[in-house]
Amino acid sequence: MVYIILGKGFEEAEALIPCDLLRRAGAEVQFAGIGGREVTGGHGITICADTLAEEAPLAEAEMLVLPGGLGGVASILGCEKVMQALPVVYGKGNYVAAICAAPTILAKLGITDGRWATCYPGMEDQMGKAKMSRLPASRDGNVITGRSAGTAFEFALELIAALCGGEKAKEIAQQIVFN
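Okay, so the sequence shown: first residue is 1 according to my numbering, each after it adds one.
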């Protein structure tokens with residue numbers, strides 16, 4: 001199961017595009033809302049989450065995805081269940097993924113230390129000991145990061161490549177006429 005974590009103020013494109021493309025690829029994906037099933041993003045779009053982050057078996061996830069948005073990042077940092085699940089999922093060798101401001105969460109947990117990562121431009125100083133990439137999306141082992149809402153498609157395709165293989169990512173890219 002892939003869980004996309006939604007906290008109040010999340011960046012909508014960074015949640016919806018990965019969910020859409022992952023589901024097209026056949027991945028099992030659920031939105032996990034922090035503090036409730038209805039979560040409003042930073043631009044006023046409300047999503048009805050499939051489950052509550054506080055109740056979902058996040059530590060058993062095949063992949064945890066963290067959208068950015070400063071409000072969403074603050075919500076994730078304040079959610080003990082998510083913060084405890086991230087190092088567990090990572091430690092099992094399963095995927096942890098974050099885009100825009102959210103890679104800073106992985107950095108706070110030491111997950112990006114020594115790994116290639118990317119984040120929203122100007123937040124590099126919050127990335128700890130990560131090796132910084134300027135790519136739209138970066139994968140180093142089981143850590144996947146993306147730069148911003150404008151790179152949500154590249155990020156989503158990298159998630160698909162990790163879970164379903166490069167051929168499936170190419171297939172989905174062709175279906176949506178990406179580049």
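Calculated directly from the structure, the hints in this document are not laboratory data.
Among the hints, a few may not be true.
[As the list claims (entries may be wrong)] Okay, derived cross-link-like pairs now, EDC-like style, lysine to aspartate or glutamate, Cα gap no bigger than 16 Å in a straight line:
#: 1; residue 1: K108; residue 2: D125
#: 2; residue 1: K108; residue 2: E80
#: 3; residue 1: K92; residue 2: E62
#: 4; residue 1: K8; residue 2: E38
#: 5; residue 1: K168; residue 2: E80
#: 6; residue 1: K168; residue 2: D20
#: 7; residue 1: K129; residue 2: E154
#: 8; residue 1: K131; residue 2: D113
#: 9; residue 1: K92; residue 2: E54
#: 10; residue 1: K168; residue 2: E154
#: 11; residue 1: K81; residue 2: E60
#: 12; residue 1: K81; residue 2: D113
#: 13; residue 1: K81; residue 2: E55
[Claimed, not checked] Pair by pair, the computed Cβ-Cβ distance ranges are:
#: 14; residue 1: G26; residue 2: D113; range: 31 to 37 Å
#: 15; residue 1: Q84; residue 2: D113; range: 16 to 22 Å
#: 16; residue 1: Q175; residue 2: Q126; range: 20 to 26 Å
#: 17; residue 1: V88; residue 2: E167; range: 17 to 23 Å
Computed from a predicted model, the values in this text were never measured in an experiment.
All C-beta atoms, glycine included, are put in the ideal place defined by N, C-alpha and C.
Hints violated by the structure (listed by number, smallest first)
5, 7, 9, 12, 16 and 17
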